[in-house]
Amino acid sequence: MIRQGGKPDVPSVLIALLMAGPVVAGLAGTALPAFGYLPVLGFETFSLQPFQALFAEPGLATSAWISFSTGLVASVLSLAIVLVFMAGWYGTRTFGRVSRFLSPILSIPHAAAAIGLAFLIAPSGFFVRLLSPWMTGWDRPPDLLILNDPDGFAMTLGLVAKEVPFLFLMTLAAMNRPHLGAYFKAGATLGYGRMATFFLIILPQIYPLVRLPMLAVIAYATSVVDVAEILGPTTPRPLAPQLIVWMNDPDLSMRLMASAGALLQLTISALAITFYLVLEKFAGIAFKSSALTGKRFRQDRNGQIASLLPMLLILVLMALSTGLLVLWSVAKSWWFPAAFPQVLSIDRAVNAVLMAGPALSATLTLALLSGVFATALTLWLLEARGFRKKRDSKKLKMLIFLPLLLPQIGFLFGLQMLFLATGLGGTLTSVLLSHLIFVFPYAFLALSDPWNRLDPRYEKAAASLGISRSMIFWKIQLPLLLRPVLVTLAVCIAISVGQYLPTLMIGGGRIETVTTESVALASGGNRQYAALYGLLQLLVPLAGFTLAALIPNLVHRNRSALQMRG
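Numbering (our numbering), first residue to last: 153 to 718.
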């Protein structure tokens, strides 16, 4: 993986250390306290007491079950929605229109989406207001447990609304291969319906490229904190947010039990991934059996229409949620059951933005620095491996995606202790490093495919003219990849802005961002301030994607071949 002709591949070594080092150190720093060993607090002997205390906690089984079930159901449901939509509509005008609307949703941080969704479905939310009192007879919010319901339905809905756009883009990237149109035509010629052609012929080819992002989604969804804090149950909480409560307990010995709980969270996520892989095997057997029957499934129009409805529902939910963030941010008076604010004012909004100055400044600093570093490291890695004519390494990819395949809370406990031991705890530098761990995999994911599709003849022609390697990169490769590079930077900014748990834990409460503040405000009673911070979460990534679209057109205004065509 990291050697070619006896010479070390410096970028691969550096990336391997950057990805695997903190994860391994963090896991060790979590495992040792879980078994009673934390010398800094006076615990110098190994024991099982933290696990005994953990299993004695009331409601632990319920917390674990909620994390497992909501995360797994949301992940599988999201993938199913994406695949049936692809099967029914890929290559059509409807597909293109939906794609244009789905892509921006990816830039909405999870916490902002959860806050907007809470404004929409709460007992005093927009849906109930639209129907009250003329249809429901309610002149005050009903006593219904919609948000924070004990079964986690609201939390599952919030996760699905955010994971569908991500899995859609990952599947779309996997579909970027030749002859797909020919496969659809061949299937139609043989009498197969459109959806049957996709599931029996195309899906087996693209699914290996979708599996890794899907496993990352399961790991995230089963251990999510910010969405769980806003939409999840509270009596008891899902396991991950409950671990945060134990970690922040004034009784420092609770950290031992929290560490044991973090290992339990790792086990839950591993079980969810294992369950999914077993489900995947059964699905493969079912599809193979279906193919052998020779049944064509020609009449699939009803299936096509049914596959479109969930996508449209997600688009409507996210559009309304975003609109409600805007409305609540300027609502001075909005009493139930009025469907729209009685009084609008930007005075409090302006004051809130001024108050949010330090948090916004920290957010922008972390997002820009982590985005620039991640994009630059990715370019360095891809250029170095391309120069050495190295093929993509599965081991290197696994190291790159390792932080996404493990629950954040499973190794952030230990990483927090490591930073504290080195004197970096609670600093902007430590938070930046923690963001980089989670941002870099997305940078590699976004940029590796455009880089690999770059025509190598440009490089060969320039080299034949005696142009140096560095000049080839700066004068030829980078200008040709300006748009993908800027999109990658925008993706990194969006991912960094949405990092709640690394900021909270590694920052130790000293580094405030709009994400940490919005989650804290969402549990309070001031909807206007929660909406404002949620809106700020949304505006920062949106600005990044807007600039990523505009700058290449400006730079390449005299180069029609490099202009983005509608």
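To be clear, the hints were calculated from the coordinates, so they are not data collected in a lab.
Glycine included, C-beta positions come from ideal geometry on N, C-alpha and C.
Possibly wrong hints are sitting among the right ones.
[As the list claims (entries may be wrong)] Okay, derived cross-link-like pairs now, SDA-like style, lysine to any residue, Cα gap no bigger than 25 Å in a straight line:
no. : residue 1 : residue 2
1   : Lys337    : Gly455
2   : Lys440    : Ala338
3   : Lys549    : Gly509
4   : Lys447    : Phe351
5   : Lys612    : Gly509
6   : Lys546    : Trp217
7   : Lys546    : Asp607
8   : Lys440    : Leu332
9   : Lys433    : Asp161
10  : Lys484    : Gly277
11  : Lys447    : Ile457
12  : Lys484    : Gly509
13  : Lys627    : Lys484
14  : Lys440    : Gly509
15  : Lys433    : Leu423
16  : Lys440    : Leu324
17  : Lys546    : Leu431
18  : Lys612    : Glu535
19  : Lys546    : His708
20  : Lys547    : Val162
21  : Lys440    : Asp161
22  : Lys440    : Asp607
23  : Lys546    : Gly277
24  : Lys627    : Lys546
25  : Lys547    : Phe351
26  : Lys612    : His708
27  : Lys546    : Arg329
28  : Lys549    : Trp217
29  : Lys546    : Ala338
30  : Lys337    : Ala443
31  : Lys337    : Ile353
[As the list claims (entries may be wrong)] If you anchor each label on the Cβ, the simulated ranges turn out as follows:
no. : residue 1 : residue 2 : range
32  : Leu630    : Gly211    : 39 to 47 Å
33  : Asn454    : Val430    : 43 to 51 Å
34  : Trp532    : Ala613    : 20 to 28 Å
35  : Ser497    : Thr574    : 30 to 38 Å
36  : Lys546    : Leu169    : 34 to 42 Å
37  : Gly475    : Ala205    : 28 to 36 Å
Can you give the numbers of the hints that this structure goes against, from lowest to highest?
3, 5, 6, 9, 13, 14, 19, 21, 22, 23, 24, 25, 28, 29, 32, 33, 35, 36, 37
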